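All chains should be modelled from the sequences, with the hints used to inform the complete structure.
As you go down the protein sequences, you meet chains A and B in turn. Position 162, counted from 1, in the first sequence is what numbering that gives the first Met the number 0 calls 161; the numbers after and before it change by one each time, with no gaps. Position 1, counted from 1, in the second sequence is what numbering that gives the first Met the number 0 calls 0; the numbers after and before it change by one each time, with no gaps.
In case anyone wonders, no lab produced these hints; they're calculated from the structure. This structure is a prediction, so every number in the text was calculated from the model and none was measured. From the three backbone atoms N, C-alpha and C, an ideal C-beta is built for every residue, glycine too. Wrong hints could be hidden among the right ones.
[To be verified] Here are the in silico distance ranges between beta carbons for each label pair:
{"#": "1", "chain 1": "B", "residue 1": "Leu-20", "chain 2": "A", "residue 2": "Leu-24", "range": "44 to 50 Å"}
{"#": "2", "chain 1": "B", "residue 1": "Gly-161", "chain 2": "A", "residue 2": "Arg-621", "range": "46 to 52 Å"}
{"#": "3", "chain 1": "B", "residue 1": "His-118", "chain 2": "A", "residue 2": "Leu-603", "range": "28 to 34 Å"}
{"#": "4", "chain 1": "B", "residue 1": "Gly-161", "chain 2": "A", "residue 2": "Arg-629", "range": "19 to 25 Å"}
{"#": "5", "chain 1": "B", "residue 1": "Gly-161", "chain 2": "A", "residue 2": "Ala-28", "range": "49 to 55 Å"}
[Said to hold, decoys possible] Sample of chain A residues with no beta-carbon within 10 Å of chain B, all distances over it, derived:
{"#": "6", "residue": "Leu-33"}
{"#": "7", "residue": "Glu-45"}
{"#": "8", "residue": "Tyr-168"}
{"#": "9", "residue": "Leu-197"}
{"#": "10", "residue": "Ile-201"}
{"#": "11", "residue": "Arg-211"}
{"#": "12", "residue": "Phe-338"}
{"#": "13", "residue": "Met-348"}
{"#": "14", "residue": "Gly-355"}
{"#": "15", "residue": "Ile-358"}
{"#": "16", "residue": "Ile-370"}
{"#": "17", "residue": "Ile-512"}
{"#": "18", "residue": "Met-578"}
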Amino acid sequence: MDFFDRFAVPHPSLAIYASMAAIGLTIIAVIAGLTYFKKWGYLWREWLTTVDHKRIGIMYLLSALLMLFRGGVDAIMMRAQLAVPENTLLDAQHYNEIFTTHGIVMILFMAMPFIMFFMNFVVPLQIGARDVAFPRLNALSFWLFFMGAMLFNISFVVGGSPDAGWTSYFPLAGTEFSESVGNNYYMIAIQIAGIGTLMTGINFITTILKMRAPGMTLMKMPMFTWSALIANVIIVFAFPVLAVLLAMGTLDRQFGTHFFTMDNGGMDMLWANIFWVWGHPEVYILILPAFGIYSEVISTFARRNLYGYKSMVGSMVIISLLSFLVWAHHFFTMGQGAFTNSIFSITTMAIAVPTGVKIFNWLLTLRKGKIVFTTPMLYSMLFIPLFTLGGVTGVMLAMSAADYQYHNTMFLVAHFHNVIIPGVVYAMLAGLHYYWPKMFGFMLNEKIGKWTAWLLSIGFILAFMPMYVSGLDGQARRMYTYSEAAGFGLMNMISFVGAAIMAIGFVLIVYNIYYSTRYESRDISNDPWDARTLEWSTHTPVPEYNFAILPDVRSNEALWDAKKNGHVLFKGEYQKIHMPNNSGIPFIMSCIFFVWGFSFVFSLWIPVILTTIGIFVCMALRSFEQDHGRYISVKEIEETETNLRGA
Amino acid sequence: MKIDNSLPLEYSTEENSLKILGFWIFLGAEIMLFATLFATYFTLENRTGSGPTGAEIFQITPVLFETIILLTSSFTVGLGIHAMRIGKQKAMITFFSITLLLGLAFLGVEIFEFVTYVHEGAGIQTSAFTSALLTTLGTHGAHVTLGFFWGLFIILQIKKRGLTPQTTNKAFIFSLYWHFLDVVWIFIFSFIYLKGMM
Ligand code: HEM
Ligand SMILES: [Cu+2]
Chain A
0 MDFFDRFAVP
10 HPSLAIYASM
20 AAIGLTIIAV
30 IAGLTYFKKW
40 GYLWREWLTT
50 VDHKRIGIMY
60 LLSALLMLFR
70 GGVDAIMMRA
80 QLAVPENTLL
90 DAQHYNEIFT
100 THGIVMILFM
110 AMPFIMFFMN
120 FVVPLQIGAR
130 DVAFPRLNAL
140 SFWLFFMGAM
150 LFNISFVVGG
160 SPDAGWTSYF
170 PLAGTEFSES
180 VGNNYYMIAI
190 QIAGIGTLMT
200 GINFITTILK
210 MRAPGMTLMK
220 MPMFTWSALI
230 ANVIIVFAFP
240 VLAVLLAMGT
250 LDRQFGTHFF
260 TMDNGGMDML
270 WANIFWVWGH
280 PEVYILILPA
290 FGIYSEVIST
300 FARRNLYGYK
310 SMVGSMVIIS
320 LLSFLVWAHH
330 FFTMGQGAFT
340 NSIFSITTMA
350 IAVPTGVKIF
360 NWLLTLRKGK
370 IVFTTPMLYS
380 MLFIPLFTLG
390 GVTGVMLAMS
400 AADYQYHNTM
410 FLVAHFHNVI
420 IPGVVYAMLA
430 GLHYYWPKMF
440 GFMLNEKIGK
450 WTAWLLSIGF
460 ILAFMPMYVS
470 GLDGQARRMY
480 TYSEAAGFGL
490 MNMISFVGAA
500 IMAIGFVLIV
510 YNIYYSTRYE
520 SRDISNDPWD
530 ARTLEWSTHT
540 PVPEYNFAIL
550 PDVRSNEALW
560 DAKKNGHVLF
570 KGEYQKIHMP
580 NNSGIPFIMS
590 CIFFVWGFSF
600 VFSLWIPVIL
610 TTIGIFVCMA
620 LRSFEQDHGR
630 YISVKEIEET
640 ETNLRGA
Chain B
0 MKIDNSLPLE
10 YSTEENSLKI
20 LGFWIFLGAE
30 IMLFATLFAT
40 YFTLENRTGS
50 GPTGAEIFQI
60 TPVLFETIIL
70 LTSSFTVGLG
80 IHAMRIGKQK
90 AMITFFSITL
100 LLGLAFLGVE
110 IFEFVTYVHE
120 GAGIQTSAFT
130 SALLTTLGTH
140 GAHVTLGFFW
150 GLFIILQIKK
160 RGLTPQTTNK
170 AFIFSLYWHF
180 LDVVWIFIFS
190 FIYLKGMM
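Structure follows, in structure tokens:
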């Protein structure tokens, strides 16, 4: 009995039982559906074993959308709980679990895969490559991320969710104050996903440095590729730090070491320091590719080349360096002394300068542009003022003396949502609408798209502006309720209404996908937006090999030059193309990783040992395997190309 | 597969040079990994709680052995790569085998050392200092263990398939890894052991 007790949820509630039922039913429905329509073979051949960067990208997208709803439900529940004073919808423990899982799911399992989707789908096309440098490693990265995310999500119904905040500060996250397995899930699930992310970083740096089309020098790379390159460099430097941190957290929780404990020399602030050495760069891993997308969208729809290309690149490099030098601004009030605070205050504010440079470059691109108001452009236009506001409150928070007022209040919550939603989420939605036709061969409905953008923005303003006010008034973050007398009621009610409007906005996105799948025209060209970069020069849908002939690049807007100056992009004759074979190893190995993670969470050491062996056997098999890929013959290429041109 | 004969075999195909670059980037990540462990170690170095200090448990003899063994193995793996470049498969396999045996010897001494620590009351749970120490050493040791199996598989493949662009590429990357472990050890030797004994 004792054994099974560990798998039970420590604080069961109606919501948890309902989700258990929902998860169970969904799994049954999926299995039944696949069997009924005889799609198992298709699923295995075309998706689970694929090494095609475009399909891997689409799987990242699906996961990200799924997680957006998981994190969104958490958000709505929190806002509902806080909507009125002394509410009893959720108890304190449940609230702790929800703000924790909301934070982790949104940052690591929603925003990260969304960024990965763009990198996977767009970067090889944008640099005129046929694939990434290591296609199988890429598949493994995705599956590790996916298994990490799934492992994290089952914490809700098996054994209990983490409850110490997404920052998981010790000693709160230690076994003394957090007895359930929740924080084991945190350590292990993020570890598994993080390994995948690190491998993506290595893969894409190599891809971008080595596989660009002839003629594309570094300073002729499109801006999104630049942003992806820099983000991946940050990944390679930041994620190993996280891996070590999580390993030490695991050791503390499960093997009785004393890294972050309160006795025998342990130091809880060490966790906070190392966490933010990773955590602050992490937010730039998210925002830089978002900036890259805005650059593409804005220059496309201003019908003008990006103003200040070199300063755009330079500012990103500076941001990436500074991002590693500011981490201590997360604990100005935790006793590190005025001198340290001043240093970190200054480095933090310094980031505003290169960011400001970028804002001005976008504005100057718009000036004299012939602006076309499409949905992606609308998101970008809403981004500029909203994000700037978030930037200003960020500088306010960076003033260490003043931070004693804001620290751990709703003001902070308002600030970071104010940068992350218009900054990252809007970029993702802009990019989603922008790249949808390239992925699926039809547009998303523009009218619904614009409605969504406006609804989200109105909802966003209503949801987060009141938090600045109640935060300055002293409403602390991570508090599950407040008294009537505190007077925070009105602001929180407005916030709830805003959050509900945002929820409608997100549902509209799904509706738009459904609607457009059914009713939008399939008759679109390869380049429906009249865009400027290489990804629009190949067919829609993109053939497996991306480009039948590698493009000849002359500038950072290769396609635009081809269109306006009559430059011929694709010269020469077809030659056979080398492509990698599909492989089941990444998927199988990640499944083993999932079991490994699950066993580790519950300290089931025998399965841990067995699965560890399994993982190494997979690696050994891969090492001995001889697979030189295959060739697509000239005849096949000719056929594919005529078909695509005819359609 | 296009083979460029003006380059050493391990670089001769495009795939090979991609792999070597990718591995260098991976080593960059490994540097961050060990840097984090070192930073932790230096932070917790003097936080020994009720347990022993470094000066009380470190012994020069086993550590000197470990250092000499590992440095020698780095040298022999270099000889192995040299033999590979001039096409001497047998010599290469011999040098690689010596390298791996030295790796095993290193692990043997390290295990002996760990057992001694535990006997002296310096287990991983004793204090923040011992946690950081044993985790850092253990991570390096785990890397050597992994390297042992990796090297073994490469020897088997070379025996079976000879010196091809694929196998030489793997061997070369393995040698980079092995040298890297040696460099990390130099840091461990100087900044953990020597500093701790002073
Ligand atoms: C879409 C509407 C959203 C709403 C209504 C919302 C609401 C909230 C609320 C109420 C909190 C908790 C404040 C507290 O601690 O009491 C919170 C925390 C947080 N949110 Fe959101 N959020 C939203 C979207 C996002 C997005 C898109 C991200 C990131 C990509 C995000 C990241 C976070 C993080 C990291 C925390 C901190 C969690 C912690 O305290 O450990 N949120 N959010
Ligand atoms: Cu920060």
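Here's how the hints hold up against the structure:
no.: 1; hint: B:Leu-20 - A:Leu-24: 44 to 50 Å; result: holds (48 Å)
no.: 2; hint: B:Gly-161 - A:Arg-621: 46 to 52 Å; result: violated (20 Å)
no.: 3; hint: B:His-118 - A:Leu-603: 28 to 34 Å; result: holds (30 Å)
no.: 4; hint: B:Gly-161 - A:Arg-629: 19 to 25 Å; result: holds (24 Å)
no.: 5; hint: B:Gly-161 - A:Ala-28: 49 to 55 Å; result: holds (53 Å)
no.: 6; hint: Leu-33; result: holds (35 Å)
no.: 7; hint: Glu-45; result: holds (25 Å)
no.: 8; hint: Tyr-168; result: holds (16 Å)
no.: 9; hint: Leu-197; result: violated (6 Å)
no.: 10; hint: Ile-201; result: violated (5 Å)
no.: 11; hint: Arg-211; result: holds (13 Å)
no.: 12; hint: Phe-338; result: holds (19 Å)
no.: 13; hint: Met-348; result: holds (25 Å)
no.: 14; hint: Gly-355; result: holds (30 Å)
no.: 15; hint: Ile-358; result: holds (31 Å)
no.: 16; hint: Ile-370; result: holds (40 Å)
no.: 17; hint: Ile-512; result: holds (36 Å)
no.: 18; hint: Met-578; result: holds (13 Å)
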